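Asks: Add chain B to chain A, keeping to what the hints say.
Protein chains in written order, with the working numbering: chain A, 684 to 1037; chain B, 51 to 298.
Just so you know, the hints here were simulated from the structure itself, not pulled from any lab data. Predicted model only: the values in this text are computed from it and were never measured. Since no wrong hints were added, every one of them can be taken at face value.
Straight line, CA to CA, 25 angstroms or less: simulated BS3-like cross-link-like pairs of lysine-lysine:
| # | chain 1 | residue 1 | chain 2 | residue 2 |
| --- | --- | --- | --- | --- |
| 1 | B | K93 | B | K252 |
| 2 | B | K108 | A | K908 |
| 3 | A | K875 | B | K93 |
| 4 | B | K108 | A | K886 |
| 5 | B | K108 | A | K888 |
| 6 | B | K59 | A | K884 |
| 7 | A | K946 | A | K977 |
| 8 | A | K884 | B | K57 |
| 9 | A | K886 | B | K93 |
| 10 | A | K884 | B | K242 |
| 11 | B | K108 | A | K884 |
| 12 | B | K246 | A | K884 |
| 13 | B | K59 | A | K886 |
| 14 | A | K884 | B | K93 |
| 15 | A | K1030 | A | K976 |
| 16 | A | K875 | B | K108 |
| 17 | A | K946 | A | K983 |
| 18 | A | K888 | B | K57 |
| 19 | A | K868 | A | K922 |
| 20 | B | K252 | A | K884 |
| 21 | A | K888 | B | K93 |
| 22 | B | K57 | A | K886 |
| 23 | A | K886 | B | K246 |
| 24 | B | K59 | A | K888 |
| 25 | A | K976 | A | K922 |
| 26 | A | K1000 | A | K976 |
Quick partial rundown of chain A residues pointing at chain B, CB under 7 angstroms, derived from the structure:
| # | residue |
| --- | --- |
| 27 | V732 |
| 28 | A741 |
| 29 | A749 |
| 30 | G751 |
| 31 | A752 |
| 32 | T880 |
| 33 | N881 |
| 34 | K884 |
| 35 | P889 |
| 36 | I891 |
| 37 | L895 |
If you only want the chain B side, here are some residues facing chain A, beta carbon under 10 angstroms, derived:
| # | residue |
| --- | --- |
| 38 | L105 |
| 39 | A118 |
| 40 | A122 |
Each residue gets a CB set at the ideal place from its N, CA and C atoms; glycine is no exception.
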Amino acid sequence: MAKVLMKGNEAVGAAAIEAGCRYFFGYPITPQSELPEYMARELPKVGGVFLQAESEIAAINMVYGAAGAGARVMTSSSSPGISLKQEGISYIAGAELPCLIVNMMRGGPGLGSIQPSQTDYFQATRGGGNGDYRVVVLAPSNVQELVDLIIEGFDIADQYRNPVMILGDGMIGQMMEPVEFKKPKQRELPPKDDWITNGTKGKRKPHIINSLYLAPEELEAHNIKLQEKYRKIRENEVKVESYNIEDADVVIAAYGTTARIVKTAISQLEREGYKVGLIRPITLWPYPYDEFKKINPQCKGILTVEMNTGQMLDDVKIAVEGRFPVYFHGRTGGMVPTPNEIIEKVKRIHGGEM
Amino acid sequence: MAIVFEKTKGLTDVQTHYCPGCTHGIIHRLVAEALEELGVLDKAIGVAPVGCSVLAYKYFNCDMHEAAHGRAPAVATGIKRVLPDNFVFTYQGDGDLASIGTAEIVHAAHRGEKISTIFVNNAIYGMTGGQMAPTTLVGQKATTAPFGRDEAHCGKPIRMSELLATIDGAKFVERVTVISPAHVRKAKKAIKECFKVQIEGKGFGIVEVLSTCPTNWGMTPTEALKWLEENMIPYYPLGNFKRPEGVE
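So that you can see chain A by itself, here it is in the shape it has in the complex (with noise of 0.2 angstroms):
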């Protein structure tokens, strides 16, 4: 297919009517209203349903029911709106129903502000809603990589019944790029009919979709069997795009917009004469934490860039282990790293100033 250019949030919805989705759920908030605005235009000419709800809250659980039903469905968000669907988003995950959830994320804590950000990293890793569960979390760093990510997140979810969410930014959202729409690698995907509730037509049992274990042991046994499926999530499906490190003096860590800020400042550097490598998780849960031990023995540090105060620096400390010292550079609120400011500091972690 030949490439077109096309807006982040439209390309979004283009990517999940390509990859088979008919039910959108959501509710407007800037930066991420064009892709509800498009999914009202586009689903119906496909036979989809496009409904705008009440509340984020009731969309997500429009979510809910429809991917019980065993519809390929999906909502999108941004920052504020995403707090309110962590409740929807932990009955997902605890009933175990595949679906998509896109954050274009803009600054908090708070209404915080419409400019880009990254601050809902801890929020979207750690789970966010109530209990031990996890939601895959896929990072683009440019249109047609959250067009690639959108097509294969929905496979990942089916395949194991798991909410993903692509964590992108204003920027993403906003920004118009070229894109094509590439068939995602084949994947086994299992049969639905087993467990979607679509009515018994008199011929099985009531199927039950439902995250309450009243008796404890059911609950552990419930809770051992998500953990399961989670180490064959970290097993599989890691992904990461790595430059120079086993030969760097200096690494940096970023992902989405951040790390094509990074990529800027590192080819600068590279004129000058300085060794520095790049680790840009696509997957932020399950995190790369494997491929910081690639890293050249001898680099003197590694830094870590994002759009907040530091929250994937965590996962950075614990995939570094202590090997290495650790540096931050981040800001926030909607403003974004410059080259020179990361430049700077890559020179200052080289010449042993910090």
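Replies: Chain B only, in chain A's frame:
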């Protein structure tokens, strides 16, 4: 020998957890009988949210989807939009529907979702142990209203059927009770009529059932029935508030 009575196929053989004298059991049976008699049991999907009926998924003999507190109408919306030819109902208590889930029920009705809601109003939070509900009567004692509900402090109880009847998308609204055999028969008639509104694709329907909670009211089952009749019915009048045009 002729069979004069059979248990409905709409209920499982599981013994319920409901307290002695609680009318949930009767209401479950009426809903189950209606599903069976209208021929929709095989394509029914019930949604039971948090409250005393949270375990209803064990009792109804059809597909069931457990929901978060108050969210059943949203979950039911998701199901019905995917499966428009199936029969989708919610079974909700008063804490659930009239407090935490007011947005969901009002907007499901407002959209005219083709779902049916059974709203069991016993004027108290039963499952959590007798706290004040939005439906608790003025002066009625509850664990969080130990001196009785004070209107000056927290207002009068909310009348959901009257409220929902003002919404265009709500096509059937009726309040019934199950405190006597005659009332039980009327309740069943209302539930069946409500379900037919969905089956015929006319819109949203709700039956509010005034119910007892002897345990948390601190009464015997018979005292509770009498208390309901003397106190709840005057404030929550029984009757039909709305039915589709052209239907008697």
